[in-house]
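> Chain residues, written in single-letter form:
Number of protein chains: 2
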Amino acid sequence: MTAHEARLLSRQNCITNTSGLAPGYLQANLLILPSKYARHFHDLCLRNPVSCPLLGITPPGDPHSVRPSSCIQTQDFDIRSDFPMYRVYSKGKCIGRQRDLYSVWTDTDDYVGFLIGCSFSFEDALAEAGLQPRHQKTGTVVAMYRSNIPLLPAGVFTGARCIVSMRPYKPEDVERVRDVTRPYLSTHGEPVAWGWDGAKKLGIENVHRPDFGEPQVFEEGEIPVFWACGVTPQMAVESAGEKIDGLVFAHEPGNMLVTDWTTDDLWRLREGTI
Amino acid sequence: MTAHEARLLSRQNCITNTSGLAPGYLQANLLILPSKYARHFHDLCLRNPVSCPLLGITPPGDPHSVRPSSCIQTQDFDIRSDFPMYRVYSKGKCIGRQRDLYSVWTDTDDYVGFLIGCSFSFEDALAEAGLQPRHQKTGTVVAMYRSNIPLLPAGVFTGARCIVSMRPYKPEDVERVRDVTRPYLSTHGEPVAWGWDGAKKLGIENVHRPDFGEPQVFEEGEIPVFWACGVTPQMAVESAGEKIDGLVFAHEPGNMLVTDWTTDDLWRLREGTI
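Heads up: the sequence lines are chains A and B, in that order. Residue numbering for the first sequence is 1 to 274, as defined by our numbering. Residue numbering for the second sequence is 1 to 274, as defined by our numbering.
Derived from the structure by calculation, the hints contain no laboratory data. Misleading hints may appear alongside valid ones.
Identical copies carry no separate label here, and so any pair may be met within one copy or between two of them.
In silico DSS-like links for lysine-lysine, alpha-carbon gap of 25 Å or less [what the hints assert, rightly or not]:
(1) K137 to K93
(2) K243 to K93
(3) K201 to K243
(4) K93 to K170
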């Protein structure tokens with residue numbers, strides 16, 4: 001399946017989870033804001049690239065194109081429909097879920113969309129290295145936690161903290177896990193912490209009770225390994241609360257955009273040649 | 001004075017503090033490592049751009065040029081001498097200070113130098129906006145603290161925390177201070193925390209007893225405002241400790257490199273057009 005075909009399936013509401021869809025293509029998280037907050041959110045991404053790695057931006061009021069254009073290579077694109085499911089935020093609270101955003105983003109609105117990197121890419125690399133993430137094997141949703149790592153503030157976005165995802169590994173595999181995921185800078189890169197001590201330092205009291213997703217099974221001797229997570233931008237919107245006037249849209253976790261970029265493009269992103 | 005003239009003064013050991021030297025030109029912090037650790041340190045900068053904003057890199061073993069070349073525009077350059085004073089680190093400890101690095105970086109060494117942004121630029125902007133930093137007025141060294149903000153790990157660089165600098169301001173001026181410094185993304189940008197509560201959240205127990213630099217005088221009603229600080233890379237080297245085999249060099253704090261870049265180049269850096 002091509003990325004374009006995957007986006008059409010999402011647009012036609014034929015799927016609700018993009019995990020494993022169109023293998024080889026990068027998937028993206030989403031945040032859409034009124035243009036007057038776009039510069040602040042852009043700065044937030046540039047200041048916090050591990051949790052909010054910026055892949056692309058839509059011009060104000062234009063839902064049909066992404067810069068850089070290599071990210072979405074067809075004219076037949078609409079950021080208001082090409083994710084399977086959206087969340088609507090008002091004053092920092094999620095007030096609803098919608099299959100598309102046509103009714104809330106009309107021709108006169110000047111919304112700006114941000115595409116944020118997603119960990120699906122490095123999960124494929126881990127699996128290829130014989131280090132398949134537990135939640136892939138067990139068919140569960142990855143465990144996610146609120147951490148105490150501050151999201152460094154930018155404009156109206158103050159006071160938020162990073163969300164982290166967790167995958168269990170044997171202590172002797174941690175260095176290899178770090179090495180495999182390190183190059184994926186635009187999709188969260190290497191872990192931010194590991195071990196039971198690492199969990200404590202992140203302020204996570206009970207690893208077996210995640211704040212989002214599902215608890216993961218630990219095998220004998222395994223320890224938790226934590227990565228920054230693309231749900232973090234939604235926490236930034238929650239923390240901004242009433243400082244944001246107007247609606248904000250995000251993707252429903254797990255319901256991502258399939259882009260035209262592949263892992264090869266990640267290396268070019270890393271070198272700044274896209 | 002041109003930037004080149006300022007570098008020659010540093011090379012000839014005619015100055016020991018570059019604050020206020022060659023106004024208008026950007027100054028840079030330094031870290032020099034054996035090339036085998038360069039990729040890890042590069043990743044550390046890309047993952048932590050607020051405390052470690054990368055301005056330029058020297059090719060392995062070549063002390064005479066910087067990429068991008070617009071940063072240093074003359075052939076008459078030597079990163080081993082053009083800072084007024086250097087620190088030498090071994091196994092995570094500062095073991096000495098030298099006026100130049102000729103004796104320790106010889107023709108057969110493959111060292112890579114990293115130039116890191118410095119807050120002098122936004123201090124000029126604050127002064128122009130009528131918000132001159134206290135330490136400029138009192139002729140003291142800015143107060144610096146070890147914070148609890150984790151430096152997100154990269155390769156051998158694990159377990160470090162960010163250093164922050166502090167300037168006192170009136171609470172009603174904080175939003176303007178944030179606005180003035182926000183665009184300076186490559187020189188630490190806007191504050192990471194502010195207020196007495198902010199100090200507590202950073203784990204700073206006594207603002208009047210900084211870990212580096214000098215205590216600052218607070219006027220009636222003023223609160224502390226904290227920025228990420230370019231001394232952080234040296235903390236990363238200390239934390240890496242014995243994981244780094246060989247010598248590491250850094251600048252002596254306050255003894256910076258004057259580059260050929262000006263504030264205008266900062267805007268181009270921000271837009272990725274350098």
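> Each hint: holds or not?
Hint check results:
Proximity of K137 and K93 under a CA criterion of 25 Å is satisfied in neither setting, with 33 Å inside one chain copy and 45 Å between copies. Taking the shortest Cα distances, K243 and K93 sit within 25 Å of each other inside one copy (12 Å), while across copies they are farther apart (45 Å). In this assembly of identical chains, K201 and K243 lie within 25 Å of each other by CA distance solely across copies; the values are 22 Å between and 30 Å within a copy. In this homomeric assembly, K93 and K170 never come within 25 Å of each other (Cα to Cα): the closest approach is 38 Å inside a single copy and 32 Å across copies.
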